[in-house]
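Residue numbers (my numbering), protein chains in the order written: chain L, 1 to 1014; chain S, 1 to 503.
Read the hints as simulated data drawn from the structure, not as lab findings.
All residues carry an ideal CB built from backbone N, CA and C; glycine is no exception.
Be aware that a few hints might be false.
[Said to hold, decoys possible] A partial selection of chain S residues facing chain L, derived with a Cβ cut-off under 8 Å: (1) Q56; (2) K172; (3) L176; (4) L213; (5) S478; (6) V479.
[Claimed, not checked] DSBU-like, lysine-lysine: derived pairs with alpha carbons at most 35 Å apart: (7) K101/S / K885/L; (8) K199/S / K716/L; (9) K337/L / K118/L.
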Amino acid sequence: MNLRKTTFCFCNLFITMAIGITVWAQGPFVSGVVLDIDGIPLPGVSVIEKGKNTGAITDLDGAFYFQVASRESTIVFSFIGMETQEVLVEDQKIFKITMSERATLMDEIIVVGYGTQKRSTISGAVSVVTSDEIEKLPSLRVEQALQGRTAGVLVSQNSGSPGAELTVRVRGAGTINNSDPLYVVDGIPVDGLDFLNPNEIESMSVLKDASAAAIYGARAANGVVLITTKTGKKNQKPQLEYNGYFGSQKAWKKLNLLSAREYAILDNEGRIAAGLATRPEFKNPESLGEGTDWQDELFVTAPMQSHQISLTGGGEKSRYAMSGSYFNQDGIVGGAKANFERKTFRVNMVNDLSSKLEISTKIGYTNFNRDALTENNEFNTPIVRTLNIDPVTPVKFEDGNYAYSPYVETDIVNPINAIANTNSTWTSNRLLGGFTAKYEIINGLTFKTNLGLDLTFSSDDGFTPEYGTYSNDVPANERNDLSSVFKENHQWVKFLFENTLAYDFEIAEYNHFNIMIGNTVQDLDYTTHGTTGTDLLINDVNYAYLSLAQDEADGSWGEREQESWLSYFGRVNYEYRDKYLLSAVVRMDGSSKFGADNRWGIFPSLSLGWVLSQEEFLKESNLFSFMKLRASWGQNGNDRIPPYGFLAGVNPGYNYTFGDIETTNFGVVPIELSNSELKWETVTQTNIGLDIGVWRDRLMVSVDLYNKTTSDMLVKNVIPDVVGVQGPFINAGDVKNTGVELSLEYRKKEGRLNYNIGGNIALNKNEVISLGDSDEPILSGGIQFANGFISRTEVGHPVASFYGFQTDGLYQNWTEVEQGIQDKAAPGDIRFKDLNEDGVIDDDDKTYIGNPTPDMIYSVSGGASFEGFDLNIFVQGTKGNDLFKGYTRYDFNNVNQPVSRLNRWTGEGSTDIEPRVVYGDPNENARISDRFVEDGSYLRIKNIQLGYTVPQKIFGNGVISNLRLYVSANNLWTFTKYSGLDPEIGTRDDLEIGIDRGFYPPSRSFLGGINLTF
Amino acid sequence: MNKVKFLLLPLILIGIISCGDDFLDKRPVSSITEDSFYLTQEDALLAINAAYDVLQWELNPEWFDNGAGHFRWFWGDVMSDDSRKGGSGDNDFPALGELEKFEGGADNEMLSAEWEADYVGIYRANKVLEEVPDIEMDEFLKRRILAEARFIRAWFYFQLVNYFGDVPLITKTLSLSESYEVTRTPAEQVWDQIETDLKEAASNLPSKSEYSLSEIGRVTSGAANALLLKTFVFRQKWSDAFSTGELVIGSGEYFLESDYLGMFSLNGENGGGSVFEIQYQANSLGDWDFQRDGSFSNVFQRARGEFGGYGFNIPTQDFVDEFEEGDPRLPATVFSEGDQMGDRGIFTKDATGYPHDFYARKFFSNQTETASDGDPNVNGQTNDRAIRYADVLLLTAEAAFHIGNEGVAKNYVNQVRERARGGNNAVLANITASGNGLLEAIYHERRVELGLEGHRFLDLIRTQRAADELQGEGFNPSVHYLFPIPQAQIALSGGNLTQNPGY
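One chain only, chain L, in its complex shape (with noise of 0.2 Å):
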């Protein structure tokens, strides 16, 4: 009914927007000239008539001309970052309006945990990014958007590959196991947001510490992200947009690898130093040239495109914005079989059914395809092999097949060729929304209820077709004798009903108090089945279905999952003459994951504020326009762990073969320890800030400092191996982060010259504090080349650091070798250092060689404008985090090798750096050492943009009220000393940081684009 009422209100303002405003309007017109206090025409303020959508733009000389209703009228003046005025019309036809800026920044509104505040009364630590900033960046993903915006949260990326996930730690990794924040999108928490067009969001709020973060208790232990999408506000003039860019993607770095000439120098030398015989073809090496420079057979110039019209406005009584987009992009490997393509759809509608009852609906749809390769691993991805494969092979024989190497092993084959011959396509289908009523029972006393929905519907296709198969002497790995098609579905269900009620009153004077209790109940099921099929009737990607499938041998399979939530909270916010501050919270959580005994966890908080520029002795103060001291305590949960832990459970899978016609017998037995006692992982976090405004809050600075412990940490708990079976998880962990965070942001307007500087800085110390009662270092990133762990997690030392051996220079001679204790050394060999000088290398002289996880992550970003030009520049970067290069396949004879290679040892005295080449490595020089650890800091030009604003003049007053046109860089230059292809290298798991496997680079991209209002 309602809806209705809605859709009827919507075609309304379509007529009213596509026939023009003047039709409407009776009254006399009215005209003038907008100032700012220096008496400088401020261009762009939105002049309106209050209760209709009459109104105009004022023009670069702060000119505006309309028609109002009548003299009773009264006109809007408002402008971002400016103070909104008032003017009644009565007999005044011109008038001269002067706007100040906006007192101060801090009565910004800003969205936190079930409800808003003014900024200036918050006491916990929480971080906005609004829409302007986000739109200044055009981004795939939300992450992006928030990628250097506030301190303190480090968002990196896990491949550049287009819709792949990003990594975001909020106040470094509380945890061993998921430290990912919550994200919850219009009071709906989600997982992940692969889903949402950034361009949607209206505002982010990331609440950093215990007490803002406390009202999502179990699951906020990892900081909670609310973001919030576009409505219309009121009495805003319909306002229909278009926004949309082309861009070009390339690679922004190549490696200098060996060419065919150097490559055959140095396959003889370590053939001759192994004592083999050289290959005869390699007996010229002169002649073989440059070879193939696979790295530019890979990279590829990769288009994208992102196109979004949104529609927003609003009544006395309604306020709505509906937004429609699409985007397309493919990948710098892989090009269209790195395709990311999304569709979305929004419609957010508010209602005011009465002056007590607001009735709000959000509605989002997301479509998106994404195409992937394999990534990130040293085995079988694109990259790994081009970084690999020799430069003597051609990409393609004479007779136009595929080529393959008789030089490099069987596993790095033609990566062109693999990624000809792979689909793999993940789609996904999301309807995220929801339904909320407010009513205000008696003044000030609001009751809520939100109804939430989250659908996903995906699926997960794959296909291989027959190829190679032209000669028996294509090898495995490069051919594939039958055709196969794989699917696997999933769905996941997730409801959420919400009932708040908040009680805002003042007892005696300047007692204001803001009550809040509530409950939620959320309910997740997901089920997933998934098939496949081989010999397809049709070798063609077009064609494959499982009905074309000759054959299903392989059967199928199928899972469900089913999670509930149940909570309870409140919280009590009173202020004291706007200068003493004070936020308890406490919050009760029922969670499924945990057995009856350990289903419960209650997380309080306390924080407390002191506004010190609201007492007298700054109340006069010319430089502080604001301060404001911070201190919050609380604690808070994580219960991302896999469901059913607590029961002991029996796994099938464990087969055997029996019979004369080979067949699987299936066999079931328990592999692991259940642990009834199972609970959450609690963050307690203490945080001290300080918020200052200088010079009329023209410069903002904050500051934080914060200790973070996570307690209760689950970890696997070793057993001996006599039980037969794994040890269960237990809750015995300690992690502790503690940093700083200082952010400052600068604005001034000096004549027709806007500009600002903002920053910020975060420093975090991770530790790991105890690994439950054995203390038992976990090991983790593995990989291929040294056959063993990279990373290391142990008590004293941060999560994941790199370990290993340390070198000590080059053997340079017999005697040398004589001397030191290894005896499968040579000269130009790698000597390692005996740390524990026990006579022999091993195990025990390993040590921590370098953390993957910065000691500081920063972020600058400026912009001007001038006369009708925007210039905005975005610059990020990470200080003293290291990086390990892992992508040379040294456990093979015979790969390329980056150009460094050539100044190996060659003879006595001839570098103490490159060891020699030498077939097998006798030595080990490739076990995991400092060798393969370089610095990974950097600073990255993320984004420079210049836009130009066409003057409103030259469309007169037509339909298009702004046109800006811009270009755009990302990742425009990066500064760093790491030599592989790009050092913003995130996570692969929980314990795998900074491991670069042959990574998928960011792409550097440009973009022409154009933002128009009708």
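Given the coordinates of chain L, work out where chain S should sit on it, guided by the hints.
Below, chain S without anything else, positioned relative to chain L:
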């Protein structure tokens, strides 16, 4: 009035949901918990199959998975003087290389992989022995399943006691707290348990011919007796060994197949000479984890380069020289340069990219036999011929020799030689020696007949010949008759487990 109503509604809504603690009771619906398992005959079969599963665990490298299992050929061949590790170089499974040179310390991951897999197998057998007796089911089948479990338990203790000596003897499933308390049991007691289990198994298991075709691969009374024979031989209980060997030989269940080479082809699996074979098949879809049903051995032992293998288990010249002139078993066991490697091409050093002169043949499979889908590397389907009839004959011959029955000893050895001869009387003349010469002949026969099948190392250990034969490999007789107990396990036990001397 209206306002009261609106105040009540939220209170009801906020309060109402407190009723629902049931709402938080979510149990798995697509997986099973222990309280709903071990109830039916079907469950009993599933439980025993899971115990068999551990038999086929090969090498799951520690950095890849949790690291448990072994290649029998690694312990039997690479550790001995018959073959070298191979691979792409010293960096390729360095832990294996260290052990081979008797440089492996207590932190060697191959040792912990062996230890862990053995105890997982023992746990699964114990679980069957604990849970299945209470299941209401066909009594005959129940007896068989319990006997199968006993065989499997004995099998894993046989590995443990040989490699580590005194090991914890666990005959029931342990709780977490018990697990920290266990101590090492004297090896003799472990051996006694092995004997008890195998006797029990042998008397309750069906013979090979009593199983239906679809059950081929399950342990038989013959397999239990053969392992018992081996146990007696290892304990040098010669007359028990002889009588047990005679039981197997006299059962009429086994014979020497005429085609020696053919025994190691796919068609030769579970043939007339097969007493106990660990089963693999080629449809594992390429899973690299424990749950695969395919073997890694094929790809591991195949030459690198054009042959696409990993080039492990490289036969030594010493091993090749052991074969008598014209012994047809040599080309059936070892590929030499110039040999046709099935349909994968001719063996040249150039084609392999490595300077090795020989490659192991018994795990060779043709390209055409590769599973059509899944990762071919882990989809090997060659069964591991763990106990062959020829092995039984030679062990019984050895027992006969030791109880003074040289005639029977010669007869059994010569049966094996006759089959190997393949009708060509110009080679492999009958053994006529006696005394020590006969014993040497039996040892020789074992080395060539069972070459690269994973027997040599323990043969050298049990006969104390390792000191001589493996001297050049770094074998120190005062230390290396046993391997070190994995250090991590000693640490976890809080010192309840002790280390072997010399480590």
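Of all the hints given earlier, name the ones this structure violates by number, lowest first. Of the numbered hints, 2, 5, 6, 8 and 9 do not hold.
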